[in-house]
Amino acid sequence: MTNREIILGRIREALKVAAPHPDFHELGRADLPVGPDARQRVPTAPQKWLPPVGETLAEQVELFGRNAEDLKAEFHECSGLSEVIQHVKKLSADGGWKKIGRHRGEFTDPVARELGLTEVRTDKGYAVKDLESCDAALTECEALVAQTGSVLVSAPSAGGRALSILPPHHVVLARRNQVVPDLGVALQRVQEKFKDKFPSFMSFISGPSRTGDIERILVLGAHGPKKLTILLLP
Amino acid sequence: MNAQAHEFKASVRRYTADLGHRDWIQKALAGYYVKRDEFKNRFQSWPSARNAAAEIKWEAINHLDRYLDEFVSKLEARGTKVFWAPDAQAARDYIVGVARAHKVRSIIKSKSMTGEEVHLADALEQSGFEVVESDLGEYIVRLRREPPYHIVFPAMHLTRKQISDLFHSRLGSEPTNNPEDLTMFARRVMRRKYCEADMGISGANFAIAETGMISITENEGNARLTTSLPKIHVAIVGIEKVLPKLSDLALFLPMLATAGAGQPITGYNTLYGGPRQSGEPDGPEEFHVVLLDNRRTALLADAEQRDALHCIRCGACLNVCPIFKNVGGHSYGTTYQGPIGSVITPHLRGLQDWKHLSQASSLCGACTETCPVKINLHHHLLHNRRNAVRARPPRSEKMIQAGFVFMMRHLAIYRLAARIGRTAQPLQPVLRATIFDPVRAWTKTRSFPRLAKKSFRELWRERKTS
Chain P
21 MTNREIILGR IREALKVAAP HPDFHELGRA DLPVGPDARQ RVPTAPQKWL
71 PPVGETLAEQ VELFGRNAED LKAEFHECSG LSEVIQHVKK LSADGGWKKI
121 GRHRGEFTDP VARELGLTEV RTDKGYAVKD LESCDAALTE CEALVAQTGS
171 VLVSAPSAGG RALSILPPHH VVLARRNQVV PDLGVALQRV QEKFKDKFPS
221 FMSFISGPSR TGDIERILVL GAHGPKKLTI LLLP
Chain X
2 MNAQAHEFKA SVRRYTADLG HRDWIQKALA GYYVKRDEFK NRFQSWPSAR
52 NAAAEIKWEA INHLDRYLDE FVSKLEARGT KVFWAPDAQA ARDYIVGVAR
102 AHKVRSIIKS KSMTGEEVHL ADALEQSGFE VVESDLGEYI VRLRREPPYH
152 IVFPAMHLTR KQISDLFHSR LGSEPTNNPE DLTMFARRVM RRKYCEADMG
202 ISGANFAIAE TGMISITENE GNARLTTSLP KIHVAIVGIE KVLPKLSDLA
252 LFLPMLATAG AGQPITGYNT LYGGPRQSGE PDGPEEFHVV LLDNRRTALL
302 ADAEQRDALH CIRCGACLNV CPIFKNVGGH SYGTTYQGPI GSVITPHLRG
352 LQDWKHLSQA SSLCGACTET CPVKINLHHH LLHNRRNAVR ARPPRSEKMI
402 QAGFVFMMRH LAIYRLAARI GRTAQPLQPV LRATIFDPVR AWTKTRSFPR
452 LAKKSFRELW RERKTS
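So the protein sequences, as listed, match chains P and X.
Counting from 21, one number per residue, gives the positions in the first sequence under our numbering.
Counting from 2, one number per residue, gives the positions in the second sequence under our numbering.
Hints listed in this document are in silico derivations from the structure and should not be mistaken for laboratory results.
Beta carbons: idealized from backbone N, C-alpha and C, even for Gly.
Any given hint might turn out to be false.
In the DSS-like style, the derived pairs of lysine-lysine whose C-alpha atoms are separated by at most 30 Å in a straight line are [what the hints assert, rightly or not]:
hint	chain 1	residue 1	chain 2	residue 2
1	X	Lys-28	P	Lys-217
2	X	Lys-399	X	Lys-445
3	X	Lys-36	P	Lys-247
4	P	Lys-213	X	Lys-75
5	X	Lys-28	P	Lys-246
Partial list, derived from the structure: chain X residues whose beta carbon lies under 10 Å from chain P [what the hints assert, rightly or not]:
hint	residue
6	Lys-28
7	Asp-38
8	Phe-40
9	Asn-63
10	Asp-136
11	Pro-180
12	Leu-183
13	Leu-252
14	Tyr-269
15	Asn-270
16	Arg-277
17	Trp-443
18	Arg-447
Start from the sequences, fold in the hints, and give me the full structure.
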């Protein structure tokens, strides 16, 4: 017998006795029948209970900005690409950037061209040492989540796994219509986009890297970026 | 009393007398309570969210075979190697085997309670591999050669002074009073390790059946680095971590953060669905998922307590437990501390050896009330007490009970006993807490209430005659 058969056998044996079902009274669902296919009764719309997100895109963009700033990220709504370029140039000057990491993309290409710094492009592989010595990373993303202030990145949308975590300053360039109400809608979007061909990596980034492991005191930049900047294009 | 119970009692005696420790833990958790309530209140309905979460986990655990099968076939279809580990030894052997086969030199590890459970880091070190814990709290307790104090906050019992002294003596850092300096020092040490390591080990918070992915929740970004740079990634995952659908995360990720750490959302919530796929610039060449049973199926077989497998290891029950806050995380002597640890450890490691933890409760129910997946924790402590007594009836306790019943049924003996008690009580301060004191378990830390001078019957008789 293989290990797989051993463990699945133990599970099937154990499940022969049914467990009491959690009650539904608080949900007002006690009237529903208890059957073997309880999954059908599992509520599919947790939106009703999660924190409110507002109705319109404008409200959600505003909420995203507020939440991102609460998480100590920097958020700016820009009027167009030229304002984005201006802003990144200012970040670069303030941070004294000499080298940046980036991937090829609709927004990263023109912004990097204007910056004119030494670049490490991750698209076709890179040396870890090169990326590690970058001052900042420029990436795009899959979605921005209003409810939590999170940025959803994936391997194809953010130049792989390490680009958005290794350099000390992560700058995300996103479009306004990438703002979604909650994590559920963000996940739905990637499911529709990739179908069964998911990238091997997707991550909800919520603020810069942080720790509270010493006396529960918040310190930014524990292992990953100390700064996270999100710039929104119309 | 067995060795585990003995050690537990000794440690509890030490910690409960340590008022400094108690203050420290209270202080460390004070901010958590405020933040947890703030973010709970942002939910439109936290109680309904709890119900939904409990329901989803119920569905997953009660059809575990089906969902595990789906999870594994989806993972394997995209090139992940899945190993089913019936016990801790099998899991350790497999992972050591992977490290040997690839002639690994150094290993970086992110936080995993399942890894702690099977003593993975020790096993790898004993086989000659260097293992670096990358989570700051884990790194600190590992340097001190002690187990994590708390499943979510491993180093919450330590002051910045202790950590500064530790870094100074072990790593030669400058002494400092500033948590940020200490963190940055650890960051620099670890950066080098990431770039060198050829194997990364992680745990997982959720296993998504629908899409064949693991989900890792963390704040520091250490797990992301651990799973990005080394050429092999091994994730050790308890079989109970399964969630049926990807969309279930929309509920579980905010709830885990809020209940566990008083955050609206954790810093990084990352999904891994395989090794580096074609067209991707980086990521490990090999991705191994080790699915661990290690007696979880024994808990599964106990239908009454099966919901203990719903646990998402958020640590909320530890944070509210009056026992945990007084005896401290190290007293338990278990991988999982606090109420959830007291419930599951007897199932995972033997009822008779760990039944004493069922008594480490005031049965106040704070754990059950706070649990985001509604595990009936304090009732399960009672279930474990009952099961332990059924399996091995305690003879001395039975005799004492029988004696008590006999006394209560025979008025003359009851009166005699009451009289002896009343007459002898003035002697009690002399004998207090010594072996001759019949109520020493109580009087060791408390004073015994004074018996009334006259019994009710005597008072009644006097009133009737006067």
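Enumerated hints in conflict with the structure, sorted upward | 1, 7, 17, 18
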